[in-house]
Amino acid sequence: MQLNGSEILVEVLVEQGVDTIFGYPGGAVLNIYDALYKNSDRIHHIITAHEQGASHAADGYARATGKTGVCLATSGPGATNLVTGIATAYMDSVPMVAITGNVGTSLIGKDSFQEVYIAGITMPITKHNFVVRDVTELADVLRDAFRIANTGRPGPVLVDIPKDVTAAVCEFHNKPVADTSERYDLKEDDLRAIAELINQAERPVIYYGGGVTIADAGDDMLAFMRRAQIPATGTMMAIGALPSDEPLNLGLVGMHGWVSSGRAVDEADVLITIGARFSDRVATNPSRFATRARIIHVDIDAAEINKNINIDYPVVSDAKTFLQAVMPYIKENRHPEWIAKIGDWRARLDYRPKDSETELKPHRIMDILVKATDDDTIMVTDVGQHQMWAMQYCKRNHPHQFISSGGLGTMGFGYGAAIGAQFACPDKRVIHITGDGSFHMNLNEVSTGVKYDLPIITVIMNNSVLGMVRQWQTMFYEKRYSSTTIERQTDYVKLAEAFGGHGFRCTTPAEFEAAMQQALKMHGPVLIDCVIDRDERVLPMIAAGATIDDVITN
Amino acid sequence: MEKYILSVVVQNNAGVLARVSSLFGRRGYNIDSLTVSATTDPRVSRITIVVTGDDAILEQIIKQVSKLEETIVVRHLVEQEAYCRELVFVKLQAEDATVRDSAREVAQIYGANVVLTEPDHIVLELTETPSRIDAFLSVIANFKVVETCRSGVTAMVR
Numbered sequence: 024m025q026l027n028g029s030e031i032l033v034e035v036l037v038e039q040g041v042d043t044i045f046g047y048p049g050g051a052v053l054n055i056y057d058a059l060y061k062n063s064d065r066i067h068h069i070i071t072a073h074e075q076g077a078s079h080a081a082d083g084y085a086r087a088t089g090k091t092g093v094c095l096a097t098s099g100p101g102a103t104n105l106v107t108g109i110a111t112a113y114m115d116s117v118p119m120v121a122i123t124g125n126v127g128t129s130l131i132g133k134d135s136f137q138e139v140y141i142a143g144i145t146m147p148i149t150k151h152n153f154v155v156r157d158v159t160e161l162a163d164v165l166r167d168a169f170r171i172a173n174t175g176r177p178g179p180v181l182v183d184i185p186k187d188v189t190a191a192v193c194e195f196h197n198k199p200v201a202d203t204s205e206r207y208d209l210k211e212d213d214l215r216a217i218a219e220l221i222n223q224a225e226r227p228v229i230y231y232g233g234g235v236t237i238a239d240a241g242d243d244m245l246a247f248m249r250r251a252q253i254p255a256t257g258t259m260m261a262i263g264a265l266p267s268d269e270p271l272n273l274g275l276v277g278m279h280g281w282v283s284s285g286r287a288v289d290e291a292d293v294l295i296t297i298g299a300r301f302s303d304r305v306a307t308n309p310s311r312f313a314t315r316a317r318i319i320h321v322d323i324d325a326a327e328i329n330k331n332i333n334i335d336y337p338v339v340s341d342a343k344t345f346l347q348a349v350m351p352y353i354k355e356n357r358h359p360e361w362i363a364k365i366g367d368w369r370a371r372l373d374y375r376p377k378d379s380e381t382e383l384k385p386h387r388i389m390d391i392l393v394k395a396t397d398d399d400t401i402m403v404t405d406v407g408q409h410q411m412w413a414m415q416y417c418k419r420n421h422p423h424q425f426i427s428s429g430g431l432g433t434m435g436f437g438y439g440a441a442i443g444a445q446f447a448c449p450d451k452r453v454i455h456i457t458g459d460g461s462f463h464m465n466l467n468e469v470s471t472g473v474k475y476d477l478p479i480i481t482v483i484m485n486n487s488v489l490g491m492v493r494q495w496q497t498m499f500y501e502k503r504y505s506s507t508t509i510e511r512q513t514d515y516v517k518l519a520e521a522f523g524g525h526g527f528r529c530t531t532p533a534e535f536e537a538a539m540q541q542a543l544k545m546h547g548p549v550l551i552d553c554v555i556d557r558d559e560r561v562l563p564m565i566a567a568g569a570t571i572d573d574v575i576t577n
Numbered sequence: 057m058e059k060y061i062l063s064v065v066v067q068n069n070a071g072v073l074a075r076v077s078s079l080f081g082r083r084g085y086n087i088d089s090l091t092v093s094a095t096t097d098p099r100v101s102r103i104t105i106v107v108t109g110d111d112a113i114l115e116q117i118i119k120q121v122s123k124l125e126e127t128i129v130v131r132h133l134v135e136q137e138a139y140c141r142e143l144v145f146v147k148l149q150a151e152d153a154t155v156r157d158s159a160r161e162v163a164q165i166y167g168a169n170v171v172l173t174e175p176d177h178i179v180l181e182l183t184e185t186p187s188r189i190d191a192f193l194s195v196i197a198n199f200k201v202v203e204t205c206r207s208g209v210t211a212m213v214r
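First to last, the sequence lines map onto chains A and B.
Residue numbering for the first sequence is 24 to 577, as defined by the working numbering.
Residue numbering for the second sequence is 57 to 214, as defined by the working numbering.
Only chain A is shown next, with the shape it has when bound in the complex:
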């Protein structure tokens, strides 16, 4: 059939299984929006308050489901507003297709109105990008975009479509969706050698990351751990890959991870790294990380092997393929002394926050949240201290339940991502945990939540300061609080009402519990302003460049 470029875009989206996209109209995408208008029964278009919100929503949608998130923006500023969201998805390996309009091909390169070279701008933050100059190439380019976004290590792909291409007509035929599964050739000799190392290890530890969630390999990993009684410590990106109450799950490792996890990695004789990348937030000092261990590194991306740390046993594979392939060689085993030693560290060394009935403590906020909500609740965070507290005390038991900007650390990520997660999972509760600093960056999106009647509950850990930066200023800059004591006078209750939502303000645990109970019964967005002390710090902490030997716990 003969279709124009805009109709081809819609047809390929449907062909690829997309039913929801997030975007914002403008001059260069008028034809696309006209096609969306005519196809509103097939593609649900969500309009955000700002293109950045759309990009984070597409990201949140993808993280909540594992499916590709799609966002759409006009040329120039519309396209540049997507950039932070694309970079966020790139750093955390989130499958996303970003579509931008551009000025007509005859106007490209002439500094035309709302013209920007978005392909050039996004080159280092996409897996790949395309400028489509010929409508006959559009359908296959879009298919390629979805294929690339989902193949191997996932990530964002941008497709830039000049306005005349969205109007030009050509023949279109549907094609089957590309198979993006890849086979990883694991050699039996390598598997035997690795299994031998694991079978003979006295102090083995698994260090797992987001790759386990992406590969849906949590159950395989748990079976592996139980067979050989190997404890595992994970990154923030991997929260939910293992049940939080699993005894062999040591929980978080890294800058704000548990002391017992850090000790276990430090004393391990074999470190089995699965879908994690030794980032500077985990291997705070790469030359002194897991120095007693021989290191196995399983990663789908060959470029991660030997990037930050030298690897003894590299395996290029997805987590699931590796775990299933190595399992037959893994012997039933027990490490009672090692497990007891870690148990002793957990009891003696791990940080215990102090409770209070009169003031709101961050961990208490999280405890109340966890108790008040169902086990399938999705928690979405912004970036800063609240993110670290949420990470430490969220007790998620399933993958795709903790959505947070890890690699890029994007303040302002949360609300947009929560919108995306809520559209992806309409039957699940979505809680947005934020700080007053992050929330102010993109609070415009509360209007989107109201427009679509999304029951997102935003819990603002409000300390009136930029807490994480302040924490570093306290510890490393002799309390010179440069530009972090903001003390905005925002009234979050009135703000919520002004947008058409509901608001609460709490200063004690009892007030927060009561507010949560009411919020859970309400329709539409709710903001809960939780006043916390500005000198609360995220503990434990390993400073950048330091090791577990220098961990700060008070």
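In case anyone wonders, no lab produced these hints; they're calculated from the structure.
Predicted model only: the values in this text are computed from it and were never measured.
One or more hints might be untrue.
Claimed, not checked - Listed below are several chain B residues computed to face chain A (Cβ distance under 7 Å; list not exhaustive): (1) ARG82; (2) ARG83; (3) LYS123.
Beta carbons: idealized from backbone N, C-alpha and C, even for Gly.
Mind docking chain B on chain A? Use the hints.
This is chain B only, laid out in the frame that chain A set:
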């Protein structure tokens, strides 16, 4: 730190050079020289890059460049095991005849061509392996060098 020659075969698309060079910029790798040329297949181009680094950097560069969607193959070429050539022009100040004569002598030893002789200048051209060009330039440094211009390495597997 060593110099490495990489031969990168890529799809001949608009922007592919920017994509490769942007990767080097982003990851902080130093490019000593870069040449792009057509191949017998119009859909494919060859980029020859000389980089300075160590083995770990080389491994990362090869892996990162291999990840690019438009990269077909990346090869690390060792000068002794490949055809590697680079072209250099040098313009020397040479007002008196003895200087011009000794410049011609050096040119002859290295197989360089005299491209131009002017009353006060002499211009030499040499096409050779990068290491021979380095050697040639170190001898030429004894003259008053006005300008040099190297083409960058192009290389092919034997």
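Now for the hints, and whether the structure bears them out:
| no. | hint | in the structure |
| --- | --- | --- |
| 1 | ARG82 | 5 Å, holds |
| 2 | ARG83 | 9 Å, violated |
| 3 | LYS123 | 6 Å, holds |
Hint violations for this structure: number 2 only, all remaining hints satisfied.
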